[in-house]
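Chain by chain, the residues:
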Amino acid sequence: MRPELEALKQKLNEENYIADDALVATLYIAMRLNRPLLIEGAAGVGKTEVAKAASRAFGRELVRLQCYEGLDESKALYEWNYQKQLLAIQMGGQGESPAMKDLFGEEYLLPRPLLRSIRSEEPVVLLIDEIDKADAEFEAFLLELLSEMQVTIPEYGTVRARSLPFIVLTSNHTRPLSEALRRRCAYLYLEYPDVSKEIAILKAKVPGLDEDLAAQVARAVAYLRGSDRVTKKPSVAESLDWAAALMALGVDELDDESCGETLGFALKNNDDIREIMADDEFIRSLL
Amino acid sequence: MTNSFEASSSAHDCGGCDCGSAHDGACAHGCGCGHHGHERPADAAPMERLVRFVDYLRVQGFNVGIREEEDALRALMLVGLEDREVVRTALRALLAGTRREQATFDRCFDLFFVSREQFEANMAAAAQAEAELEARRREMEERLSVNGKPIEFREDLKDVYARMPQSERDRLKEIVDKFSGKMEHAPKLYEGFIRSVFMRSLLEQQMILEDAAEGAAQADADADLMYRDISSFRDADIPRAHQLIDQVTRRINGEIVARRKSAGRAAALDFRKTIRAGLSTGGALCRLHYKKRHSRRKRIVMLCDVSGSMMQFSEFAIRFVKSLSEVSDHSEIFLFSEQVQRVNPFALENMDLFQNYVRSSGVWGRGTNAGRALEAVLAASPAVLTPGTVLLVLSDAKSVDLDRAEGALVRAAKQAGTVLWMNPIPEAKWQYLNGVTRLRRHCDMLPCGTLDELARACARLVG
Chain D
3 MRPELEALKQ KLNEENYIAD DALVATLYIA MRLNRPLLIE GAAGVGKTEV
53 AKAASRAFGR ELVRLQCYEG LDESKALYEW NYQKQLLAIQ MGGQGESPAM
103 KDLFGEEYLL PRPLLRSIRS EEPVVLLIDE IDKADAEFEA FLLELLSEMQ
153 VTIPEYGTVR ARSLPFIVLT SNHTRPLSEA LRRRCAYLYL EYPDVSKEIA
203 ILKAKVPGLD EDLAAQVARA VAYLRGSDRV TKKPSVAESL DWAAALMALG
253 VDELDDESCG ETLGFALKNN DDIREIMADD EFIRSLL
Chain G
36 MTNSFEASSS AHDCGGCDCG SAHDGACAHG CGCGHHGHER PADAAPMERL
86 VRFVDYLRVQ GFNVGIREEE DALRALMLVG LEDREVVRTA LRALLAGTRR
136 EQATFDRCFD LFFVSREQFE ANMAAAAQAE AELEARRREM EERLSVNGKP
186 IEFREDLKDV YARMPQSERD RLKEIVDKFS GKMEHAPKLY EGFIRSVFMR
236 SLLEQQMILE DAAEGAAQAD ADADLMYRDI SSFRDADIPR AHQLIDQVTR
286 RINGEIVARR KSAGRAAALD FRKTIRAGLS TGGALCRLHY KKRHSRRKRI
336 VMLCDVSGSM MQFSEFAIRF VKSLSEVSDH SEIFLFSEQV QRVNPFALEN
386 MDLFQNYVRS SGVWGRGTNA GRALEAVLAA SPAVLTPGTV LLVLSDAKSV
436 DLDRAEGALV RAAKQAGTVL WMNPIPEAKW QYLNGVTRLR RHCDMLPCGT
486 LDELARACAR LVG
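Chains D and G, in that order, are what the protein sequence lines are.
Taking my numbering, the leading residue of the first sequence gets 3, the next gets one more, and so forth.
Taking my numbering, the leading residue of the second sequence gets 36, the next gets one more, and so forth.
Just chain G, same shape as in the assembly (with noise of 0.2 Å):
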């Protein structure tokens, strides 16, 4: 980079610029005055290449402005580009505007900014690596014949054997070498076979691909949980899950707490009070009074399978439910598999304790039988269900009985507010499963496999 940003230090004429009075936009000249008229015209060349590369951070996803854009110039103008590290915060700081995105600004900075002897590196080996691949192609024809005949591949699959290992291609030559002399015999046989054998190869480079993509994951630990199956976390996992549910919680509980007060701004006056104001004041109605709102929180009651494996997921949705204070002041639990047990507001306090409980209480590790629990939560007496309840089903919906169950559901629908149904099995999977197509009918089914589903589905609870 050369330094054709960089603004003149020597002194300059401040004519009509008062320093430290009000104005806007920035001096280039570091006497603090605030003044547009001193800055030096930037090169052309420089500044094109930060408008590409503003071009390209919107491509990428980021809003910047053209006040931003400005401000970036004027930046650059103040620190000059002799710092790399300098220039890439001075941008960061205007552009980005929050952690993600500044982690995103730094990968896309040093894809954009690299030096000239850099760029023709990369521009040499790109097209090194293009005529090798090229080359493995036309390798794979000459090599992987049947009888002078090469086999046929699709182009994608081409490209698959130009990219393995040498070790790789050489063990296929092997296997066509080997089986080459009883080809002809059964040459769609063999052709079959050595199809076979490519596509096993195929999935085995698949493979190492998405374990590069888990490597990623890694690197961004918070966003690899917030999306990853719940059901794969590992015990390690554990106590940084929680986390997350206490930070994301804390989060969907503020914004609840915003809207609600935005809402009450445009509740009715209340006179009486507004008038006993007045009073202190003379008569005159100083200030407002306004009603408040009744409270919307709801009444939430929970029925959780907690058969085998669906027990994580239960005890991450149930902590998740009850951190919301601000959507729900009470929650009922009942957990269920083939038995239905009501829980003990008091025993779930401390949701550390949950897997424990779960397990002491007799009713984990069994099968699914959905239709009787939601029976006995609509036996309940005194009734639980009632036109301002949410009734939240947690499972994965795999029940025995399904007539029954469908029965329960189309029942508790009538008699609840609302039903949501929170299904850690990922939607696309859902329409092979008989027990998810019959149960969704009836019920809004929301697919909550990662922790980020969930939060999404919990914060549905609000609206």
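With the rest of the complex left out, here is chain D (with noise of 0.2 Å):
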């Protein structure tokens, strides 16, 4: 592996991330080629910390829009402060008018997260978060700021970015994205971790926490996400608080009892935790 790569993996370590080759070379690629990222796979695992881990790692401030629907620009671009100008207009009554190019000066601007990102001195990480939430006018209203880095304000004018802030978006794939935005980003789908991954990610986050009960975690928790009788699939996160859960509880081993104790905080859906606790196979895999 190149040294800027090793570099890269070792920054991403020392912020508890625990990154793969892939994951590594396409952050790397996608950040000197000022591409943005889409960040596609499961609920959980892991997307939106790719961000936080980039921001950390590169010393960037971390600027999030969450998405959903309904999401326009004025909740994530720029609005203009109404009150601000009406006050200009009625106090221009007792004296001068204000010009109307003056009531849409950068005074009356109030930015949202996605001009901030591009009007800070220093290159931020911009995260658009569960980009598939958002409407299709909204997505299509991103081009400009995806391949120009710049946004278009109809009564200002082109606000060019000041400094390039390093685009991740993400998506749960509840609907197709435009063949436009993908074009625009360099791509990585995540999979969930293997079990030799997922125990140094338990190992890295839940400090304190047992080998050997890393590891019985770990292999758990990867059997429930390739079973299926398991309807929701537990995430990373998940399989954190089940280790810290068992820790706090005192557990050094993973058996039938304490699984069934604190199962609760891998599977989130009672029906799964019925169906895998009559799983004589879930229980064996725990011996």
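Hints in this document: simulated from the structure, not taken from any laboratory.
Computed from a predicted structure; not experimentally measured.
A couple of the hints might just be wrong.
When the alpha-carbon atoms are kept at most 25 Å apart in a straight line, the in silico BS3-like pairs for lysine-lysine are as follows [as the list claims (entries may be wrong)]:
#	chain 1	residue 1	chain 2	residue 2
1	D	Lys199	D	Lys234
2	D	Lys54	D	Lys205
3	D	Lys135	G	Lys327
4	G	Lys357	D	Lys270
5	G	Lys326	D	Lys234
6	D	Lys77	G	Lys327
7	G	Lys357	D	Lys135
8	G	Lys357	D	Lys235
9	D	Lys86	G	Lys308
10	G	Lys193	G	Lys223
11	D	Lys77	G	Lys326
12	G	Lys326	D	Lys135
13	D	Lys235	D	Lys199
14	G	Lys308	D	Lys77
15	G	Lys184	G	Lys208
Put the two chains together into one complex; each comes in its own frame, and the hints tell you how they fit.
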């Protein structure tokens, strides 16, 4: 592996993010080419965490935009400070009326996360989380920012980026994203971590966790993720919670009983828990 | 691979470039400045290879533009060419935009980029294999002969012979030798016999190939389930199929919401609301309000065939339609075989109990009488079929008393807004089925043999 990639991997490790080679190489290339990075994967595989870890590793501020249905440019990009504009007009009525162009100046502009990220003097990491939850028109609106690193405000003009933010988009694939958006991004698909990586994550994130217990939890979680009986697969955060819960109870070894007491930290559905506790193979896999 | 893409790591002249400031493109030198000017021109040979690879990807259906190609080249200059896996990751991240594309990309990459030794070894192996096949074709002419005269076979059958395992070829030779003495009496008969033995071997070879295709399908279990005939699902496939249905319906619902939202923007301005809201800002109309569009959800009446093998299909189809909350907020379900039964809407809240429900209903497992079922729907009081309803018939259209079924379907088509017929039998076989030919004249019949077709048919409900 090239030294630059090694260094990046090391930096991410220092931030307690256990990254595999493919992730490191993709992140490095996206960063160096100033390409937005689109990350897809099942819920809970650590997509958002990539952006957080990158911001810490590069020493950049993280600006986060959480997408939802109905999100529009007034909440994501900018809004005019209407109250201030009205006050200015009313004040103007007593004296000199403000010119229209002054009313749409920078003074009256309320920057939202996207505008804030490109107007920042220092480059930031911009996380556009769950882009698939936003409407298709918002996705189209993002294209200018993603490809040109600039945004256009009709009354004000085009705002170019003062510094280039590193943009990370995440998606759970609840609706397909447009071809245009995909084309502008580097793409990374995250799988659930394998057992050895999960052990490393558990050890990094849950200090003081016994190595054998970490291995048992990792194996059990891998089994749950691969089982057809489980409808909601446990995320990495849930496996961390589970390990922390076991540690809090002073459990040294995962067995039938301790599993029954704490499985609610990994599985969040009563049917799933019942099904799994009745699954002899799961109990055997713990031993 | 040589290392000819690698960018210089020596100190560079960074004049005119303000690190961290805004400009397009990337710097190849690690200063993070995003400046074009520093890149050392790439050697022509690897660049040409990359261009060819991108062309190859385009032929494979990838949508790669000039900009992506340019970025791919820059990426290679950044990471160098020493590590095959890093090169693969770099190109994959930039050229393949979905998970499915990434899988195809990996295959293309492995086929395209091979070392010189591997390439030469592949070529030599291919040449040797071709020579062997040619030798076997000749051998066939020599070995399979009647009275010294070779039996005539088509060229494609000769290829099949050449690809047969040695044991099979020996077996054919044995048969010819065994009967060669008797051939003089009835040459035509024995030639026909040998030909039939040959055809059987050919079919066996084909079956081996189909098994291989099935193995390939198993490698991508989800794709396999989406495109496999529902009737061939094993019990073990059912939970995964239910999850797939959930995923697909979630996506269809998402698309419908997005489409409605964008259509909603074009709705008429609500003056009253806009002016009232303007009062809070001293009469200035800061925010425009639009009239909301009326819900366009449909009322769906489902008539489900649960005779014998149709139950599994009906269960999947009902799951699909019930999960499409954005398409319909109310659905009425009738089950039928020879008898008809209207389903209590609460009884199917939990679809996991569907099969138990059907078995205990007394309707399951008999013949099919679509005419009686349609008449029962038409006669329901209060009327369930109105111009605003979509009648969805889930059946293979193999019904008794087709005259009655046809008559009832015509009346149902007049009474309901739309009649859609979801048929699990593949479309290619419809022409041989009398019931299908007669009934499809009066409604839209959609092939729904696989989950993918079912999903597409359900998406039609939106239109």
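Which numbered hints fail: Hint check: 5 fails alone, others pass.
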